[in-house]
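The listed protein sequences derive, respectively, from chains A and B.
Under the numbering used here, the residue at position 44 of the first sequence is numbered 44, and the numbers go up by one with no gaps.
Under the numbering used here, the residue at position 39 of the second sequence is numbered 39, and the numbers go up by one with no gaps.
One or more of the hints may lead you astray.
[As the list claims (entries may be wrong)] Each computed SDA-like pair below joins lysine to any residue, with the alpha-carbon atoms no more than 20 Å apart:
(1) A/K40 - B/S85
(2) B/K1 - A/M46
(3) B/K111 - B/K1
[Said to hold, decoys possible] Selected chain B positions facing chain A (Cβ under 8 Å, derived; list incomplete):
(4) N32
(5) Y76
(6) A79
(7) W102
Hints are computed from structural coordinates only; laboratory data are not their basis.
Please read all numbers here as calculations on a predicted model, not as lab measurements.
Note that CB positions come from ideal geometry on N, CA and C, so glycine has one too.
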Amino acid sequence: DTAVSQTPKYLVTQMGNDKSIKCEQNLGHDTMYWYKQDSKKFLKIMFSYNNKELIINETVPNRFSPKSPDKAHLNLHINSLELGDSAVYFCASSYSGGLSNEQFFGPGTRLTVL
Amino acid sequence: KQEVTQIPAALSVPEGENLVLNCSFTDSAIYNLQWFRQDPGKGLTSLLLIQSSQREQTSGRLNASLDKSSGRSTLYIAASQPGDSATYLCAVRPDSNYQLIWGAGTKLIIKP
Numbered sequence: 001d002t003a004v005s006q007t008p009k010y011l012v013t014q015m016g017n018d019k020s021i022k023c024e025q026n027l028g029h030d031t032m033y034w035y036k037q038d039s040k041k042f043l044k045i046m047f048s049y050n051n052k053e054l055i056i057n058e059t060v061p062n063r064f065s066p067k068s069p070d071k072a073h074l075n076l077h078i079n080s081l082e083l084g085d086s087a088v089y090f091c092a093s094s095y096s097g098g099l100s101n102e103q104f105f106g107p108g109t110r111l112t113v114l
Numbered sequence: 001k002q003e004v005t006q007i008p009a010a011l012s013v014p015e016g017e018n019l020v021l022n023c024s025f026t027d028s029a030i031y032n033l034q035w036f037r038q039d040p041g042k043g044l045t046s047l048l049l050i051q052s053s054q055r056e057q058t059s060g061r062l063n064a065s066l067d068k069s070s071g072r073s074t075l076y077i078a079a080s081q082p083g084d085s086a087t088y089l090c091a092v093r094p095d096s097n098y099q100l101i102w103g104a105g106t107k108l109i110i111k112p
């Protein structure tokens, strides 16, 4: 059973286009995240939603807009794509109650902007 | 501002050796620390999570320790196997929020 899934796995597109990446988790978690991993392999938080409400919004261009239709989904829409947006984007989820708040990650979406 | 450093950046050892990966963080006010594994082109797999009140966690051949006061964690891998080859990432969750602060990872190669 897939715990955290992302679609698509690969996305190749031209500069200036608008694209979306979808994320779904079936773990019953109430918090979801988007991370960006750049070419140097550094992971950085972009957004976090808890119970469909935005709780973390790091310094990310407003061309990036997350949308959480329900607790199990957190989609990422990117407008006017730029070359620097090329990276691997990871979705993750966790449960805010309990002790650990351990995060579980999706397989990543490799975005290439030409 | 919390910063996480992992040393070494890369490590290559023969199969069967025991090895230690290091992670250090600058602010001891952490909620927990997680070790992850990332295989090339794949997602991240959580290996171990240590709460701030714990000193260590074990899973199979893996043992992670935490010394909050000195800002250090180690991941010990016993009897390494070629299948252990991957990038190992350390991430710290600050007390104040849900986000994880990441190290750059240690790329581990186990030679058969």
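Checked hints:
1. A/K40 - B/S85: Satisfied, since the Cα-Cα distance of roughly 19 Å is no more than 20 Å.
2. B/K1 - A/M46: Cα-Cα ~17 Å, so holds.
3. B/K111 - B/K1: violated (38 Å)
4. N32: OK, holds: B/N32 within 8 Å of chain A, min 6 Å.
5. Y76: violated (20 Å)
6. A79: violated (26 Å)
7. W102: holds (4 Å)
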